[in-house]
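Participant: Just so you know, the protein sequences line up as chains C and H, in that order. Mapping the first sequence onto the numbering used here, position 84 (from 1) lands on 84, and the numbers just tick up by one. Mapping the second sequence onto the numbering used here, position 45 (from 1) lands on 45, and the numbers just tick up by one.
Think of the hints as simulated: they come from the structure by calculation, not from any bench. Just so you know, not all the hints are guaranteed correct.
Some chain C residues well away from chain H (every beta-carbon gap over 10 Å; in silico) [stated by the list, open to error]: (1) Arg76; (2) Tyr84; (3) Arg102.
Per label pair, the in silico range of CB-to-CB distance [claimed, not checked]: (4) C:Val47 to H:Glu585: 34 to 44 Å; (5) C:Gln74 to H:Glu549: 30 to 40 Å; (6) H:Gly401 to C:Glu83: 17 to 27 Å.
Since the model is a prediction, treat every value here as computed from it, not as a measurement. Even for Gly, the Cβ is constructed at its ideal location relative to N, Cα and C.
The chain contents come next:
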Amino acid sequence: MSDGVRRALAGLITVVLATIVVVGVAVGDTTPQDRVQALGSRIKCPVCQGEAIADSPSETATAMMEVVGEQVDQGRADDEILEYFRVRYGDGILLDPPFRGRTLLLWLLPVAAVGVGVIMILGRRQSIAGPEAATTQPEEPA
Amino acid sequence: MTALLGYLGIMLAMASAFVLALLGMQGVYNPERISRRYLDRAVWGLMAGAGLAMFALEIGLVLDDFSVAYIADHSATTTPFIYKLATGWAALEGSIVLWGLVLAGFTLSVYLRYRRSDEADPLWIGALGVLGLISLFFFGLMATVSNPFQVCVEAASVGCLETSSLPWASAMAPLEGPGPNPLLQNHPLMAVHPPLLYIGYVGMSVPFAFAISALLRGESGDAWLRRTRSWTLVAWSFLTAGIVIGGLWSYEVLGWGGYWAWDPVENASFMPWLVATAFIHSAVVQQRRGMLQAWNFILVIATFSLTILGTFLTRSGIIASVHSFTQSPIGPVLLWFLMVVLVGSLSLFATRVHLVASSPRLNSLASREGVFLFNNLLLTVFAFVVLTGTLYPMFAEAITGSQLGVGRPFFDRLAIPISFALLLAMGLGPITPYRQARASVVWERIRTPLRVALAAGAGTVLLGYRTGYLVLGMMAGTLVISMIVRHLLVTAARAAAKAGIPVWRSLGRVMRSDPGFWGGQIAHVGVAVLAIGIAISANQGVEAQVVLEPGQTVEFAGRELTYVEDFSRVEPNRSVVGARIEVREGSSVVAVLEPRLNTYARSNQPVATPSVDTSLRGDLYLSLTGIGGGRVSLDVFWFPFVWLIWFGGLTAAAGGVFARVVRKPVRTSVVAGEVPENV
Numbered sequence: 001m002s003d004g005v006r007r008a009l010a011g012l013i014t015v016v017l018a019t020i021v022v023v024g025v026a027v028g029d030t031t032p033q034d035r036v037q038a039l040g041s042r043i044k045c046p047v048c049q050g051e052a053i054a055d056s057p058s059e060t061a062t063a064m065m066e067v068v069g070e071q072v073d074q075g076r077a078d079d080e081i082l083e084y085f086r087v088r089y090g091d092g093i094l095l096d097p098p099f100r101g102r103t104l105l106l107w108l109l110p111v112a113a114v115g116v117g118v119i120m121i122l123g124r125r126q127s128i129a130g131p132e133a134a135t136t137q138p139e140e141p142a
Numbered sequence: 001m002t003a004l005l006g007y008l009g010i011m012l013a014m015a016s017a018f019v020l021a022l023l024g025m026q027g028v029y030n031p032e033r034i035s036r037r038y039l040d041r042a043v044w045g046l047m048a049g050a051g052l053a054m055f056a057l058e059i060g061l062v063l064d065d066f067s068v069a070y071i072a073d074h075s076a077t078t079t080p081f082i083y084k085l086a087t088g089w090a091a092l093e094g095s096i097v098l099w100g101l102v103l104a105g106f107t108l109s110v111y112l113r114y115r116r117s118d119e120a121d122p123l124w125i126g127a128l129g130v131l132g133l134i135s136l137f138f139f140g141l142m143a144t145v146s147n148p149f150q151v152c153v154e155a156a157s158v159g160c161l162e163t164s165s166l167p168w169a170s171a172m173a174p175l176e177g178p179g180p181n182p183l184l185q186n187h188p189l190m191a192v193h194p195p196l197l198y199i200g201y202v203g204m205s206v207p208f209a210f211a212i213s214a215l216l217r218g219e220s221g222d223a224w225l226r227r228t229r230s231w232t233l234v235a236w237s238f239l240t241a242g243i244v245i246g247g248l249w250s251y252e253v254l255g256w257g258g259y260w261a262w263d264p265v266e267n268a269s270f271m272p273w274l275v276a277t278a279f280i281h282s283a284v285v286q287q288r289r290g291m292l293q294a295w296n297f298i299l300v301i302a303t304f305s306l307t308i309l310g311t312f313l314t315r316s317g318i319i320a321s322v323h324s325f326t327q328s329p330i331g332p333v334l335l336w337f338l339m340v341v342l343v344g345s346l347s348l349f350a351t352r353v354h355l356v357a358s359s360p361r362l363n364s365l366a367s368r369e370g371v372f373l374f375n376n377l378l379l380t381v382f383a384f385v386v387l388t389g390t391l392y393p394m395f396a397e398a399i400t401g402s403q404l405g406v407g408r409p410f411f412d413r414l415a416i417p418i419s420f421a422l423l424l425a426m427g428l429g430p431i432t433p434y435r436q437a438r439a440s441v442v443w444e445r446i447r448t449p450l451r452v453a454l455a456a457g458a459g460t461v462l463l464g465y466r467t468g469y470l471v472l473g474m475m476a477g478t479l480v481i482s483m484i485v486r487h488l489l490v491t492a493a494r495a496a497a498k499a500g501i502p503v504w505r506s507l508g509r510v511m512r513s514d515p516g517f518w519g520g521q522i523a524h525v526g527v528a529v530l531a532i533g534i535a536i537s538a539n540q541g542v543e544a545q546v547v548l549e550p551g552q553t554v555e556f557a558g559r560e561l562t563y564v565e566d567f568s569r570v571e572p573n574r575s576v577v578g579a580r581i582e583v584r585e586g587s588s589v590v591a592v593l594e595p596r597l598n599t600y601a602r603s604n605q606p607v608a609t610p611s612v613d614t615s616l617r618g619d620l621y622l623s624l625t626g627i628g629g630g631r632v633s634l635d636v637f638w639f640p641f642v643w644l645i646w647f648g649g650l651t652a653a654a655g656g657v658f659a660r661v662v663r664k665p666v667r668t669s670v671v672a673g674e675v676p677e678n679v
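Bound-form chain C, shown alone (with noise of 0.2 Å):
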């Protein structure tokens, strides 16, 4: 095998092992079951200590995972599931802030973090533009 053929055969296989990656988790296979479990775990158990009701084993907790499953086997869409479940149990029962109201600082804060990091790092590399930038060391052997 000549060595340009070598290279075009790598490059195949790369490209037919990428497509298969990406072909297989776009077409994805997400079952109800699943949908009913990430819901479950989006909703906190109200009698245990900070458990999402998938996870605990407790009466209640089964209760309402029934109660998620039913809603799913009709149709409902998640934001309305959630929905049932704040109007009866209060903001506190949602694992998952929203993206509003007294939970908004919550989701920005981190956002904001990443950003002041951004700038501190960028700050340190602009500043090669002064002398020393001109005296940049030589490639190190590798």
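Please arrange chain H on chain C, whose structure you already have, making use of the hints.
Facilitator: Then chain H, alone, in the frame of chain C:
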């Protein structure tokens, strides 16, 4: 007697800590003026006092000396021996005693390490002084608001009714105590997890002490970093192992099949871990390139403060969790201490910041330093996210008065992308040259691992697992591991060719030649394995709830589970009821599992003890939720490859130990001249 002995220990430790703090604060400026003899006595006095206090508590527990209120309230004559020992740190006051003992141990090890140096060593003396101050605080707690040696002056029928702080008060000991919290005497890992975690937590005091000492002296440079490197690594390894073992405990005991719940106290141990990890990395940058000097001070102050915050969260009773101790007046005191530490060390830092401004700048973002900066950004933002998510509900509730839920989905949503980015940095960092990395060099090193990762991803998809996170997790984990393996093989092959020895023989030699770097790579492989384990078990776990009658069989995850019979027995400290479940695969019985409900004396709430059949392919996990009326109800889980999580986590801890323990060999002619790829 026990109380008096223990209290004497606390007093001795407190007095010694006071002297140590005085000597240190004087010696940090005038090291010649202080007496080495007094320094020696202060350190040994601290150690002896702390040891005496712990010893007295343990002896009292073993001998059932219920005249000590702590023992009367947290132990029982029927408590098994190992849990009697563990009770020494399983409740609030005792946990502080263990804390003090570990702190004294670290102080002693710092002392012994540099004791022999003849010249005056103000940085070291100052660090001992800071450790003395911290010790003074903790032993002060024991002497006042968190006294483990209160005497029981009026006995209840079980436990103690009224206590006295005077250790010589005439005692009236109850005949029996209630025993430890059921959850804490249900699994032997409970004896292991807290000490590991405490060694990790408290060990972070050493770099903090040296940093403060350096700031007091106005010393810039990396002396404090170099000299605390081994303690930081040891503390980090223990913290890692402690967190992993804690996850294992939760998995084996709590019966919900999980190992991590973003519980505030889990977060409390995870935050210092994240910041300490950032610190270990940025310390490398300072030592190699002189950058990030100020940042390293910030990180080490943050790590120490977060350990105090963790102590506060666990012990103030402001959060409800499996970890929280009972309500006590210790909370406000810890909060004040945290404030003093933060305000004190940050203002000290502010007055010295002009001395530590870093000199060399970043040449290019595409360099090892660049990846390190990225890593530090990710780790600190991660810690910040966890901090926000943990404290936000408390503040919101305090201000608005209504409850607010911040749970797993919030943390997962932010932690997962950050973790993927971290894995990427973990793969890229070690193969990226310092100063300026040419794209062609990086591409050359990344090409093959990238294909391996793609193959792993494609393989996962072809096996039928198409959940996005699982495939991505497999790929990211494989990428990290294959990059490190490639790097090791290439470096070893090069060294082998030069030395004329077979490649396999040069592998160990290469790793020993740079233990810091390769210890780090071992830790990276561990974290990658852990990530793969989490991705698999979180996405491919199966759960079912079943109710069975004797003889009845149910099919689950390719196995047949048959309820054979129930059983019950009475043990000294508890009564046990359980179900015997036979597990068949095909025609052969592969396991007999016995999930149980344990009911401890003087506790009406039974504790479910899951039964787990672990194999290389995964865990079959049975948790009993109810038994009676001829039927048994079970929560049944199948988690594939869970062992990867424990194995990966402990490998990460082992990497830290490798970096600490393995000594760089004196260069011989064989390895000399070898140019490692990791420069």
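Participant: Next step is simple, just say for each hint if it's right about the structure.
Facilitator: Structure-based check of each hint:
1. Arg76: The claim stands: C:Arg76 keeps its Cβ more than 10 Å from every Cβ of chain H (closest is about 19 Å).
2. Tyr84: Fine: 16 Å to the nearest Cβ keeps C:Tyr84 off the interface.
3. Arg102: C:Arg102 not clear of chain H: closest Cβ-Cβ about 6 Å, inside 10 Å.
4. C:Val47 to H:Glu585: 34 to 44 Å: 37 Å, holds
5. C:Gln74 to H:Glu549: 30 to 40 Å: 33 Å, holds
6. H:Gly401 to C:Glu83: 17 to 27 Å: 23 Å, holds
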